[in-house]
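Residue numbers (the working numbering), protein chains in the order written: chain A, 67 to 217; chain B, 67 to 217; chain C, 118 to 198; chain D, 118 to 198.
Possibly wrong hints are sitting among the right ones.
Computed footprint of chain B on chain A; a stretch qualifies when at least three of its residues, placed anywhere within it, have a C-beta under 8 Å from a C-beta of chain B [stated by the list, open to error]:
| no. | stretch |
| --- | --- |
| 1 | 81-94 |
| 2 | 99-105 |
| 3 | 164-170 |
No lab work stands behind these hints: they were computed from the structure. Even glycine gets a Cβ: it sits at the ideal position worked out from N, Cα and C.
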Amino acid sequence: MRPIVRVSETAFSAEDELRAFMRGRDDSGACASFVGLVRGGEVSALELQHYPGFTEAEIERIASEIAQRHSINGLLAIHRAGRMTPGETIVLVAALSAHRAAAFKAVEELMDWLKTDAPFWKREWRDGEAAWIEPTAEDYKRRARHDTETA
Amino acid sequence: MRPIVRVSETAFSAEDELRAFMRGRDDSGACASFVGLVRGGEVSALELQHYPGFTEAEIERIASEIAQRHSINGLLAIHRAGRMTPGETIVLVAALSAHRAAAFKAVEELMDWLKTDAPFWKREWRDGEAAWIEPTAEDYKRRARHDTETA
Amino acid sequence: MRILFFGRLRDLAGSSEVQAPDTFETLADLRRWLAETHAGLEQALAQRGVRVAIDKAIVGNGDVSLRSAKEVAFMPPMSGG
Amino acid sequence: MRILFFGRLRDLAGSSEVQAPDTFETLADLRRWLAETHAGLEQALAQRGVRVAIDKAIVGNGDVSLRSAKEVAFMPPMSGG
Chain A
67 MRPIVRVSET
77 AFSAEDELRA
87 FMRGRDDSGA
97 CASFVGLVRG
107 GEVSALELQH
117 YPGFTEAEIE
127 RIASEIAQRH
137 SINGLLAIHR
147 AGRMTPGETI
157 VLVAALSAHR
167 AAAFKAVEEL
177 MDWLKTDAPF
187 WKREWRDGEA
197 AWIEPTAEDY
207 KRRARHDTET
217 A
Chain B
67 MRPIVRVSET
77 AFSAEDELRA
87 FMRGRDDSGA
97 CASFVGLVRG
107 GEVSALELQH
117 YPGFTEAEIE
127 RIASEIAQRH
137 SINGLLAIHR
147 AGRMTPGETI
157 VLVAALSAHR
167 AAAFKAVEEL
177 MDWLKTDAPF
187 WKREWRDGEA
197 AWIEPTAEDY
207 KRRARHDTET
217 A
Chain C
118 MRILFFGRLR
128 DLAGSSEVQA
138 PDTFETLADL
148 RRWLAETHAG
158 LEQALAQRGV
168 RVAIDKAIVG
178 NGDVSLRSAK
188 EVAFMPPMSG
198 G
Chain D
118 MRILFFGRLR
128 DLAGSSEVQA
138 PDTFETLADL
148 RRWLAETHAG
158 LEQALAQRGV
168 RVAIDKAIVG
178 NGDVSLRSAK
188 EVAFMPPMSG
198 G
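Take the sequences, apply the hints, and build the full model.
Structure below.
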């Protein structure tokens with residue numbers, strides 16, 4: 067099973083992607099998924115830089131490990147790059163499996179890795195000031211708990 | 067926060083429901099969800115009976131408890147009833163939160179409860195023979211692990 | 118008073134709903150009437166795990182008043198979704 | 118040879134990509150050239166956590182051959198998505 071991985075420079079519809087991903091998959095009773103949205107509030111915009119080719123390859127490598135570990139029948143990861151404003155979709159991860167516990171685990175582990183270690187460089191705008199962001203201590207703790215291999 | 071609960075006698079689109087649920091919700095960065103599909107294979111059809119009014123009220127009661135326990139900003143549960151064939155959507159559960167760990171937990175706990183204790187009566191057809199189904203031992207074990215209150 | 122059946126009990130009752138006289142004082146009276154009018158249902162209704170709801174509220178094991186009850190549901194063990 | 122910068126390093130370099138001569142033998146040679154042509158980049162490139170990829174493969178800390186390299190990327194700590 068090869069994961070489907072894409073980094074998109076433009077907005078995408080999580081629901082349309084999910085529909086296409088699940089179509090005809092009655093081999094798997096369980097589809098867990100996660101959608102990340104840009105939160106409103108203090109942050110007026112954010113920008114994600116990626117390294118085309120390298121970023122996708124790294125995501126696919128980790129996604130493959132996770133899929134194998136949890137007997138996943140299908141794994142999807144679509145990540146936005148570029149400049150986004152509140153309400154836009156940043157990320158969609160979905161996993162198909164015969165059993166829901168495995169599907170949940172795969173989505174959570176891939177999300178934890180994406181949020182801390184994926185090759186993205188993030189900048190946020192607050193009050194007109196831009197600042198580069200690094201992973202939080204909580205992110206690292208979650209990762210350690212899952213014992214996920216990292217780059 | 068009052069959960070959105072529906073039991074549908076006819077097919078519904080998980081993706082359309084998810085889209086409506088997430089629209090304008092940039093107060094919450096995280097949306098975890100689960101879609102259950104009728105698996106193909108030995109089972110040619112299944113039927114779920116529910117008790118209109120009672121079933122929805124029970125789901126809403128448990129969903130409210132879970133939402134409160136995990137600081138959930140929005141919780142959606144749509145469950146099919148009636149006769150279904152492989153590939154059809156049985157259930158959609160989705161949770162909106164500021165943090166993804168809480169959203170995942172809420173969806174998993176509500177799914178575990180729905181799969182074991184929700185007021186549905188299920189019949190499966192295999193080789194033309196119909197049989198009523200009861201919860202599996204594994205279902206009960208998962209429930210105990212989450213320590214979810216049950217009816 | 119409406120009497121509702123689910124799952125296996127519905128098969129045994131031969132229908133999802135029957136209409137019963139409004140004159141029963143208690144659940145025990147209703148059970149006796151059902152045993153007379155629906156052969157084969159008496160044992161099934163008394164089985165472990167069968168729960169009863171009066172007007173959509175689950176009631177305990179003992180005998181219960183049916184005064185002003187509009188709907189009684191007999192529910193075999195729930196299978197989940 | 119293409120030299121790529123990301124995040125903070127891109128700001129300091131003033132662009133996402135520069136073209137460098139193909140004549141450097143090692144990464145150290147390239148670093149010296151970048152220090153001369155891009156003031157302020159030298160220190161930033163040497164900072165803890167900055168990783169280097171040659172032709173999209175991460176390389177270790179020591180000096181590395183650039184023979185037949187087509188693309189060198191300088192990456193500050195990844196922020197995740």
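* Asked: What are the numbers of the hints that this structure violates, sorted from low to high?
  -> Violated: none.
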